[in-house]
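Peer 1: So the sequences go chain by chain: A and B.
By our numbering, the letter at position 145 of the first sequence is numbered 149, and the numbering carries on one by one without gaps.
By our numbering, the letter at position 150 of the second sequence is numbered 153, and the numbering carries on one by one without gaps.
FYI, nobody ran anything at the bench for these hints, they're computed from the structure.
Glycine residues also receive a C-beta, built at the ideal position from the N, C-alpha and C atoms.
Among the hints, erroneous ones may be present.
Unchecked claim - A few chain B residues that face chain A, going by a derived Cβ cut-off under 10 Å, partial list only: (1) 37; (2) 62; (3) 85; (4) 167; (5) 174; (6) 187; (7) 188.
To be verified - One-sided excerpt, in silico: chain B residues whose CB lies under 10 Å from chain A: (8) 58; (9) 135; (10) 189; (11) 190.
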Amino acid sequence: MMRVDRRSTRFAVLLALGLTCSIAWAHEETGQAAGFLTGLVHPISGLDHVLAMVAVGLWGVVLGAPAIWVLPVAFPLVMAFGGLMGLLGFPLPGVEIGIALSAIVLGAMVLFEARPPLWVAALVVAFFAIFHGHAHGRELPEGTSALLYSLGFVIATGLLHGFGILLGVAHRWPIGRQFVRTGGVAIALGGIFFLWRAVT
Amino acid sequence: MLGALNSAPAHAHLVQTGFGAFYDGLAHVALTPADLLVVIALALLAGQRGTQAARWALFAFPAAWLAGGALGAWIPAEATLPLLTTLTFGIAGALVATDVKLRATVVGVFAIVAGLLHGYVNGATMAPGGAGALALAGAVTAVFCLLAIVSSQVTTLRAAWTRIAVRVAGSWIAAAGVLMLGWLARA
C-alpha cells in the first residue's frame with residue numbers, strides 16, 4: 005500500500021500547476037490557450053485512441069512493477085517519434101488499422117492477464133505508440149501554438165494512462181480482477197469495431 | 004530540419020501587466036512556453052540529481068540567464084532560435100525521463116548553457132519591445148523563484164511514486180519537444 009504524505013501531495017499540486025498554468029494567460033502570443041486546450045481535448049475526442057491508452061494503463065497494472073511506470077514513461081516519447089515521423093512526411097501505411105489493432109491486442113493482454121518479459125511488453129506498446137503518434141500528433145488547427153498543442157496532446161494521453169492505472173487498482177481484489185478483465189474484453193471489442201470500420 | 008536551424012524573426016511581445024517593467028519581465032517567463040518548460044525541466048533534473056546539483060543549478064541558471072539577457076539586449080540578433088530553445092527543454096526532459104545519473108557539475112554546465120541561450124533570446128526579444136534592465140531582472144527573478152520552488156520540492160521526494168511522477172513529467176516535456184521539432188521542420 006502506497007503512503008501519500010503531505011510533502012508528496014504538495015509536490016504533485018506544484019507539478020500540476022507548473023505544467024498547466026500557461027493556459028490561463030493567453031495574451032502574449034496568439035493561439036496559446038486554444039493550442040493547449042485543442043491538444044488536451046484531441047486525444048479524448050477519438051474513442052480508438054482513448055481505448056488503447058486506457059488499455060496501456062490497465063496492462064501496466066496487470067504486469068506490476070516496473071512495467072506500471074516504464075510504460076507511461078516510454079509511451080509518450082515513442083508516440084512523439086511517431087508524430088515526428090508524420091510531421092516529417094514519412095509514410096506509415098495502415099495507420100487506422102494499426103490503431104484498431106492496438107486496442108485489440110492490448111485489450112487481449114488485459115483479458116488474458118499476459119505477463120511477458122518487460123522488454124516484450126515495452127516493444128508491443130512502443131510499436132503501437134508509433135501509429136497513435138503518426139495519426140494524431142500532427143493535427144494542429146490553424147493559428148494555434150504548436151508547442152502548447154503538443155504539450156496538451158501529450159498530457160492528455162498521459163492522463164488517460166493514469167486513468168487506466170487508477171481503474172486497474174481494482175485488480176488487487178478478486179471481484180476487481182474480473183472487472184479489469186471485463187474492461188479488457190470491452191477494449192478488444194471496441195478495437196474489433198474500429199478495425200471493421202477501417203477495412204470497409 | 005535544416006530550415007528549422009534558421010533563426011525565426013523576433014516578435015516584440017512583452018506582456019503589459021500594468022505593474023511596471025519588473026513584473027512585465029516576470030510575467031514574460033511565465034507566458035513563454037519554451038522558457039517555462041526549460042525552467043521546469045531543469046528544476047526537475049536538478050532536484051532529481053540531488054541537493055548538490057540543485058544548488059549548482061539554482062545559481063548557475065539564473066546567472067547565465069542574466070548574462071545571456073544582457074548580451075541579447077546589447078546585441079539583439081532579431082532571433083528567437085526556436086530549434087535551440089526546443090532542444091534545451093527537450094534534452095532536459097529526456098534526461099529526467101531516463102533518470103540518467105549525471106554529476107552535479109554536468110547539471111551545472113547544462114544549466115549555464117541553457118540559461119545563456121534562453122536568456123539571450125529573452126534579452127533579444129524583450130529589448131525591441133522597450134523592456135530594459137528592470138524587465139530582465141524580473142525575468143531572472145521568475146526563473147530563480149520557480150527553479151528554487153520546484154527543485155527543492157523534488158530533492159525532498161522519497162516516495163517511489165513521486166520519483167516516477169517526476170520521470171513521467173520529464174517524458175511529457177521531452178515528447179512535446181520531439182513533436183515541436185517536427186513542427187519546426189515543417190514550418
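Peer 1: Does each hint hold? Answer for all of them.
Peer 2: Evaluated hints:
Hint status for residue 37 of chain B: holds, given a least beta-carbon distance of 7 Å to chain A, under 10 Å. About 21 Å separates the beta-carbon of residue 62 of chain B from the nearest beta-carbon of chain A, more than 10 Å, and the hint is not met. Proximity of residue 85 of chain B to chain A holds as hinted, the smallest CB-CB distance being about 9 Å (cut-off 10 Å). With its C-beta approaching chain A no nearer than about 4 Å, residue 167 of chain B sits inside the 10 Å limit, and its interface hint holds.
Among the interface hints, the one on residue 174 of chain B holds; its C-beta lies about 5 Å from the nearest C-beta in chain A, closer than the 10 Å criterion. With a cut of 10 Å, the hint placing residue 187 of chain B at the interface with chain A holds, because the nearest CB-to-CB distance is about 8 Å. Interface restraint check: residue 188 of chain B against chain A, minimum CB-CB distance 6 Å, threshold 10 Å, status holds. Hint status for residue 58 of chain B: violated, given a least beta-carbon distance of 19 Å to chain A, over 10 Å.
Checking residue 135 of chain B against chain A: minimum C-beta separation of about 18 Å lies over 10 Å; hint violated. Hint status for residue 189 of chain B relative to chain A: holds, with the closest Cβ pair at about 5 Å, below 10 Å. For residue 190 of chain B, the suggested interface contact is upheld, since its CB lies about 8 Å from the closest CB of chain A, less than 10 Å.
Hint check: violations occur at hints 2, 8, 9; the rest are consistent with the structure.
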